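Residue numbers (the numbering used here), protein chains in the order written: chain A, 1 to 278; chain B, 1 to 316; chain C, 1 to 483; chain D, 1 to 319; chain E, 1 to 306.
The reader is advised that the hints may include incorrect statements.
[What the hints assert, rightly or not] Listed next, the in silico EDC-like pairs over lysine to aspartate or glutamate satisfying Cα-Cα at most 20 Å (straight line):
id, chain 1, residue 1, chain 2, residue 2
1, C, K461, C, E231
2, C, K432, C, D68
3, D, K265, B, D255
4, C, K97, C, D74
5, C, K321, C, D263
6, C, K171, C, D184
7, C, K131, E, D32
8, C, K149, C, D74
9, C, K105, E, D32
10, C, K105, E, E40
11, D, K265, B, D206
12, C, K193, C, D50
13, C, K86, C, D188
14, C, K80, C, D188
15, C, K461, C, E444
16, D, K265, B, D187
17, C, K171, C, D83
18, C, K86, C, D68
19, C, K131, C, D420
20, C, K97, C, D157
21, D, K265, B, D215
22, C, K80, C, E90
23, C, K131, C, D113
24, C, K171, C, E13
25, C, K105, E, E45
26, C, K432, C, D305
27, C, K97, C, E153
28, C, K105, E, D57
29, C, K234, A, E240
30, C, K289, C, D303
By construction, these hints were calculated from the structure, which means they are not laboratory data.
None of these values were measured; they are calculated from a predicted model.
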Amino acid sequence: MRPRVSFGIRVIVLLIVLFAAAALLAPWISPHDPLRQSLLLRLKPPGSATASAGLFPLGTDDLGRDLLSRILYGARASFIVAILSVSVSLVVGTLLGLAAGWFRGWTATLIMRFVDAMLSVPAILLAVLTVAVIGPSFVTLVLVLGLTRWPRYTRVAYAATLQVAGLPFIAAAEMAGADSARILLRHILPNIAGPLLVVATSEFGLMILFEAGLSFLGLGIQPPAPSWGSIMSAGRQYVERAWWLTVFPGLGLFTLVVCVNVMGDWLRDRLDPRSAGR
Amino acid sequence: MTPALAVHDLRLLIGGAAVVDGVGFAVAPGEVMALVGESGCGKSLTAHAIMRLLPDAVRQDRGYVALDGDNLSVLSERQMRLVRGRRMSMIFQEPQAALDPLSTVGAQVAEGTGSPLRQARAAVLAMLDEVGIADPARRIDQYPFELSGGMCQRVMIASALIARPAVLIADEPTTALDVTIQAQILDLLRRLAIERGTAIVLITHDMGVVADIADRVAVMYAGRIAETGDTAAIFARPRHPYTALLLAALPRRTDVPRSRLAVIEGRVPAPSEFPTGCRFAGRCPLADARCRAETPLLREVARGHLSACWHAEAVR
Amino acid sequence: LSAHHAAAQPKTELTVDLAADAATLDPQLQWDTDSYSIYRNMFDNLLTRDVAGKIVPQVATAWHYTNDTTLVFDLRTDIKFHDGTKLTPEDVAFSVKRIVDPAFKSPQLSQFDQIAGAEVTGPAQVTLRTKSPYPALLAQLVKLSIVPKAYVEKLGDVRFNQEPMGSGPYKLRAWQRGVQVTLDAMPDYWRGKPPFASVVFRAVPDGPTRIADLRAGRADLIRGLSPDDAEALKSERQVRVLSVPTERVAYMFVNALAGPTADVRVRRAIAMAVDRESLITALQQGFAKPVNEVLTPANFGYDADVKPWPFDPVQARALIKAAGAEGAKISFLTSPVYDRRLNEAIQQMLADVGLQVEIQMMDQPTYLRRRQGTPVEAGALSQGRWSCACQDADGVIFPLFRSGSIWSKYSNPAFDTEVDAARATLDEAVRKTHYRRALDILREDVPGVGLFQDVAIYGAKPQLKWTPTANEAFFVMDMAWQP
Amino acid sequence: MSGAPALRVTDLAVHYPARNGPPVRAVDGISFALEAHETLGLVGESGCGKSTVARAIVGLQTVTHGSVMVDGTEIVGAGRAALRAARAGMQMVFQDPVTSLNPRMTVGAAVGEPLLVRGLARGAALRERVALLLTECGLRPEDAARYPHQFSGGQRQRIVIARALALRPALLVCDEPVSALDVSVRAQILNLLVDLQRAHGMACLFVSHDLAVVRHVCDRVAVMYLGHLAELAPRDALFSAPRHPYTRALLAAVPEPDPVAQRAKPRVPLVGEIPSPARMPSGCRFHTRCPMAQPVCRETEPAWREVGASMVACHFPNE
Amino acid sequence: MRRYIARRLLQAAIATFLVITIVFFVMRLSGDPTLLLVPEGATAEQIAALRHALGFDRPLAVQYLGYLGDLAHFDLGQSLVQRAPVWLIVASRLPYTMALAAGALVFALVTGIPAGIAMAVWRGGVTERLLSALVLAGQSLPTFWSGILFILLFGVSLHWLPTSGADGPASLVMPSVVLGALAMATFARMTRISVLEELGRDYVTAARARGLSMGAAVVRHVLRNAAIPVVTVVALEVGNLLAGAVIVETVFAWPGIGQLAMQSIFARDFLVVQAIVLFVSMVYIALNLATDLAYSAIDPRIRGMA
Ligand SMILES: Nc1ncnc2c1ncn2[C@@H]1O[C@H](COP(=O)(O)OP(=O)(O)OP(=O)(O)O)[C@@H](O)[C@H]1O
Ligand SMILES: Nc1ncnc2c1ncn2[C@@H]1O[C@H](COP(=O)(O)OP(=O)(O)OP(=O)(O)O)[C@@H](O)[C@H]1O
Ligand SMILES: [Mg+2]
Ligand SMILES: [Mg+2]
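Extracted from the complex, chain A is given alone in its bound form (with noise of 0.2 Å):
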């Protein structure tokens, strides 16, 4: 029986892609240039129009910028940072859990010592610190989400790997004579996939909000490039005189977080051996 895909997971499917779409296709479907300013057009209401500029859809920022047009080259921002952050965090994390499952003994004791120091230096001591010794980019950015939050994986991964390591299948590929990396790769980690995926999404929409964290601290994605956290973070000063430079990118956000989890959820329970036939 093929599985169903509910009406609501294709309306999800289609925001994401919609998303995706938007951001990749910002430079030409964005009405403005998002870093041309134009200090006369501060803080414009959504739907203003001049005659020399045009319309101005979402409003203007403090500087003039065209807010839509910030916002859809903001979601290419927020959207690499977040699926390349989650990415080398996946991939690192994941990989070392996998090892500290499987091999035990000190591999696991140095793995998971290390993951509890990991955790316990605030995450912000480690961005600053990555910023200041390797200087600000945009792969700084990517390295120092990622750094800090591998251990999260790596703990979900340790605690699955623990758990299939233990089933007959495992051990049935030892009498293959399958290689431990082969076992680690082919046997163990398509089956700890679920509980990671449902981790790497919810740390998706995390890791958008940390970069606007870090923006807020001055850190983040280099200016006068638009992210959503930096949007977000320079327009909270206008809360009230410009709501829509927060709100905007806000329900952006919401959006995005809420589809991505749905995803996350709906993928889990399709990995899901017990309910992929129902």
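With chain A held as given, fit chains B, C, D and E with the ligands onto it using these hints.
Same frame as chain A, now just chains B, C, D and E with the ligands:
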């Protein structure tokens, strides 16, 4: 005499498929009726439907259950709660899974009485003793993991029996146990039926167990009852080809070692692909065009012996 | 309800929102704005500045140079510390020696290290000696608070920092670290009764929160409003915006030693590309004053006649083309401390004339390390807000542009000669001419572009009467409450 | 093949350490040998250590002491490489067909894995070998592309067997290969095993607690109780003349699928619970439940000795 | 048991040692505070003199050994910026940090866990949809934004709560809610998943077959069984709530450890940062142990083994 339990024309749907279709039977007080059939044929679902504890995915769209003549389908959930555990109770397939691992044995048994363990302690102790648990005063405050599988199964039984229900549904109560413990539990069930007149529905696919304690047997195949009758009669002369093949598949003491065992060719169809007509037709050596077209209904082929086969008389 | 009561009764407690808690309350250890705002109300200084910015007596009544390196101060005799002991010349001499003692490790040492010694030379007299003629000495001494010798020696430096005591109008009641400092008035203070029985300085790091505090009545006075906030608050009746031009100059550093900006044409083009007028009107909402150089009118040595480069993007573009720097990538170092919008606006303006500016944001220590590092590390541009707290050109253009100074990424012997000469004499007229010449050289070489004179903006309850001063001092003594 | 036994287990013991309290003596010094082509049944109640023995033999279990020789190779303490080599000659069929197949791997990949990782076949050749194996075990070659959850329990057990046979092992260890299956499927698998053994002539250790099944497929039978061997005898001897009281209790408790015979059987159910393997009784382990226990049984552990055709550990073997 | 705890503590000590070592070197690599301390006009020589006075011109290894030596005497040293004993500075922030973490935790627990249970029990219904929208909102609103919205609404417009600061329980409400929102989302999701898992188990049906209502079965059996994963994330989150509350602390002017850590990092106030890291990792160790003890309190099967 009204039967202690009667199931009428039960139909259960999952998605669009009728996983249980037209199942009906009755059990008299003191009678042990075995419900047998291959794995997945709907035995447990039938039991859950009787208790009105069907999983969310399953819907009952026809049929009703009567307990001592009372139709249960008219009861509210609140009223039904008073029936469960008091007038009718159930033993679950895997004792370790059916006991809350984090709650003491005594507390769970006491739940059957509806009062907390402090008040019901004496009753619980007596019940544990009755199901043959040695040193109940110590066991009562232990957790399920501190007990062996057999003891857990007996705790399950104790919790099902403490309110002295008239009907007991035992869903594979011994599958997980080894033969010596199994023998002890079957003994206990037998005593219950004889001494207390409890009506027992025993779900199993172990024909040995059936032979041991059942008075009557209902054989299910693919969600339908294929045959029902007295145990002796069915073992002596099955009137449904499925039953016959099932019995033939058992290794017996009298077989030559390593001789070929009879097998049933093919596999059980999935509920979504149940054929029209007789559901066993695809695997049946006697099947003909009629079997594939028309659903055979249960009919009496001997006294008290019913079979849902067009060729009941031809079965050997 | 509470507002109603407050209006009926005299105001007893003033609540002030600062951005941060005091780092130290020992006046000789830290002089970051927030610490300074608080402890200056607990201590008297040798000298101070009046509202107009003139250096006037405080503990000292008068002073005169006996020679170029010796300065004699006559002191008041009627000042008492909070514990009732008298403030003596010994305390003054002790305060000077304490801050210049290397073992004390005062970060402020560099402001006072020209002082060679301090002696008590009379019952109400102290004599200071400097290593060489030092024209900025008085300006620096404005920052010298007088601490009680006996008390400090009894408690030791560490405990003194926790239980500081001075002779000022307010004494410390409680210091909840990270939260607030509460001061109580000294009713018999020698300059008169302080206006509020107590003052609370709260640490509220977030700007919008400070505004919310003010509007909700949780604070009476808040510091650090942005021009946009000030503009928005102007229309509110519950709030009054106070502002004052400071001695702080907003400028743009231009690296004259490395990268594309090593070419003077590029630097001039940058000076012509920046539309300071619209920065002031549109971004600063008028809360800024144009300057003609990297100096403000509040500084000694400022000269209004220096002609700044005009805003001329066409010419700028031409210059950049001539220098072959079209499309050149230049880095713009910055840290969260500086106004993001200003950076981005400048970036845009330079992009308009053909320079590709890359903003590099880093935390303040890293920013400082790079900005003060080698010319190659220092980036092509960076925003700066400079205040020497001495209101003298010597404290601004000397450290910024004198070759050999850590900030300077510029070298011109002619300039060096002028600023050195201005430093070596006490004659104000001579100094002025030297500075005028130095400023002319800077105009041609453009190692920096003066953007505007920064304005300090405060938000206050309308009842608070106070005139903020250019040196950003925060004297509660000068405030009053008019219900 | 040499005349040496295919498998020799000597004084094997496996103790699971417990964080507190004495270790669980799951297997506590057992010895037996298995000739080539022979099938040995290992029976006993749940938890008596059967699976542990099976796992120890294929080197999946840390062993406390003792020796396991498979085809002349010592398994106990063997390194990774040695084990890997030895496993080419021995395979195991796991108890539960559901959990012993990777749910995310196609059946073809699972069955072909031993061949692939040992570099014996790849590409088209591998596919061919897999198809052959599947056919041999009563599946269709097309099934290779499907996933385990698309098969019934019996079919899955066939897949597991096909995988175990891929390397044509000389020794096959089957840990309860049919106890998770229902009657009709069980018959299919038993037939398959009997056929395969006939065809390939491997030695087989057959772990089960179903005596009827064991009788059907085994040449000799070993009965375990609480980590010890209670009795080891040729099939007919064991079923017709059980020596150990535990064997007798087991045989008596097996319900016959025949109401007449079953109800006629005398009922002498064993009393009492199986003691915990962490707290072994002194003397004979079975004395707490033995209907004929004597004082000596409580004190002295019975010797492992030959009685008639059987080996038995009992002070009072039925002769 | 005692040996187990001893081993855990030893491992934890090693982890802590690792942390402070990493932090020590990384912080030193990122520059020292001298530049921040001096007035703007200071010359290179003056800066060098102060650096020397503060001891930052010594080789790193010497500084590190000195630091370890002090630690061994339980001396956390003196803050360079505040010129006060580090323990005093950190200790003065602890009550606030504890209060905020506790407030946020309480909020997250009392909202997140019931929400998770409700979402599991009424799976697929309107209740679940509404609750999950709420939970996701908690998870997707940046605190620096929700914080200021709260302040404007409840502080400025409604005058219900103080806009900022840390006096009295009233001022704890908003920061707790804003900070707790994220943890609330995590708890709710985790609770939902693990309750769902447990609801599918036989013992729930078995309890209902004994005549228990669904509610009673959840309360008497499911909750305890679903608790372990929830306890795990709670422990993880507590660490976050303690040291990761920088933004909320900044917005609400709450003088917690997070703000202190951030300020000290930005000011390169090494010893303070290190003391905070030390503190957080001790809390973390304690939490880890507490979690394990909680596990065995919840699950008798773990009691024997832990
Ligand atoms: N909660 C459920 N959701 C969907 N399908 C279910 C559910 N429970 C059972 N089924 C399906 O209903 C059919 C009958 O299941 P049931 O549990 O009644 O079988 P059974 O006869 O008790 O089998 P067994 O002997 O293995 O216990 C099976 O096909 C099973 O997959
Ligand atoms: N990893 C383990 N740690 C601790 N004890 C274990 C472990 N594995 C098994 N045991 C214990 O060792 C004993 C023997 O287990 P084993 O699995 O070998 O039994 P078995 O005879 O195969 O039982 P079954 O018929 O139920 O499969 C049991 O008491 C079991 O509880
Ligand atoms: Mg069932
Ligand atoms: Mg086993």
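Outcome of the hint check:
For a cut-off of 20 Å, the pair hint linking K461 (chain C) to E231 (chain C) stands: about 16 Å separates their Cα positions. Distance restraint check for K432 (chain C) and D68 (chain C): the Cα-Cα separation of roughly 18 Å lies within the 20 Å cut-off, and the hinted pair is therefore satisfied. The straight-line distance between the Cα atoms of K265 (chain D) and D255 (chain B) is roughly 19 Å, inside the 20 Å bound, and the hint therefore holds. Straight-line distance between C-alpha atoms of K97 (chain C) and D74 (chain C) comes to about 18 Å, which keeps the hinted pair within the 20 Å bound.
Taking the CA atoms of K321 (chain C) and D263 (chain C), the gap is near 12 Å; set against the 20 Å cutoff, the hint holds. This hinted pair checks out: K171 (chain C) and D184 (chain C) have alpha carbons roughly 5 Å apart, not beyond 20 Å. Restraint check for K131 (chain C) and D32 (chain E): the C-alpha separation of about 30 Å exceeds 20 Å, so the hint is violated. Between K149 (chain C) and D74 (chain C), the direct Cα distance comes to roughly 19 Å. Compliance with the 20 Å bound is thereby established for this hinted pair.
Between K105 (chain C) and D32 (chain E), the direct Cα distance comes to roughly 15 Å. Compliance with the 20 Å bound is thereby established for this hinted pair. Using a Cα cut-off of 20 Å, the hinted pair K105 (chain C) and E40 (chain E) holds, with the two alpha carbons roughly 17 Å apart. With a CA separation close to 18 Å, the supplied pair K265 (chain D) and D206 (chain B) stays within the 20 Å bound. Restraint check for K193 (chain C) and D50 (chain C): the C-alpha separation of about 19 Å stays at or below 20 Å, so the hint holds.
As the CA atoms of K86 (chain C) and D188 (chain C) are separated by approximately 13 Å, the hinted pair is consistent with the 20 Å bound. Restraint check: the Cα-Cα separation between K80 (chain C) and D188 (chain C) comes to about 9 Å, which is no more than 20 Å; the hinted pair holds. A threshold of 20 Å between alpha carbons decides the hint, and for K461 (chain C) with E444 (chain C) the separation of about 46 Å lies outside it, so the pair is violated. A C-alpha spacing of about 13 Å is found between K265 (chain D) and D187 (chain B), which places the hinted pair at or below 20 Å, so the restraint holds.
Proximity of K171 (chain C) to D83 (chain C) is assessed by CA-CA distance (about 10 Å); at most 20 Å being required, the pair is judged to hold. In summary, the hint linking K86 (chain C) to D68 (chain C) is not supported, as the alpha carbons are separated by about 31 Å, beyond the 20 Å threshold. For the suggested pair K131 (chain C) and D420 (chain C), the alpha carbons sit about 15 Å apart, so the restraint of at most 20 Å is met. Under the criterion of a C-alpha separation no larger than 20 Å, the hint pairing K97 (chain C) with D157 (chain C) is consistent with the structure, at around 14 Å.
Of the supplied pair hints, the one linking K265 (chain D) and D215 (chain B) holds, its CA atoms being roughly 17 Å apart against a limit of 20 Å. Straight-line distance between C-alpha atoms of K80 (chain C) and E90 (chain C) comes to about 13 Å, which keeps the hinted pair within the 20 Å bound. Distance restraint check for K131 (chain C) and D113 (chain C): the Cα-Cα separation of roughly 9 Å lies within the 20 Å cut-off, and the hinted pair is therefore satisfied. Under the criterion of a C-alpha separation no larger than 20 Å, the hint pairing K171 (chain C) with E13 (chain C) is consistent with the structure, at around 14 Å.
Of the supplied pair hints, the one linking K105 (chain C) and E45 (chain E) holds, its CA atoms being roughly 14 Å apart against a limit of 20 Å. The suggested pairing of K432 (chain C) with D305 (chain C) holds, with an alpha-carbon distance near 13 Å, which does not exceed 20 Å. Only pairs whose Cα atoms come within 20 Å are accepted, and K97 (chain C) paired with E153 (chain C) is accepted, the gap being roughly 13 Å. Among the hinted pairs, K105 (chain C) with D57 (chain E) is consistent with the structure: their alpha-carbon atoms are about 14 Å apart, no more than 20 Å.
Of the supplied pair hints, the one linking K234 (chain C) and E240 (chain A) holds, its CA atoms being roughly 15 Å apart against a limit of 20 Å. The suggested pairing of K289 (chain C) with D303 (chain C) holds, with an alpha-carbon distance near 14 Å, which does not exceed 20 Å.
In summary, the structure is inconsistent with hints 7, 15 and 18 from the numbered list given earlier, while agreeing with the others.
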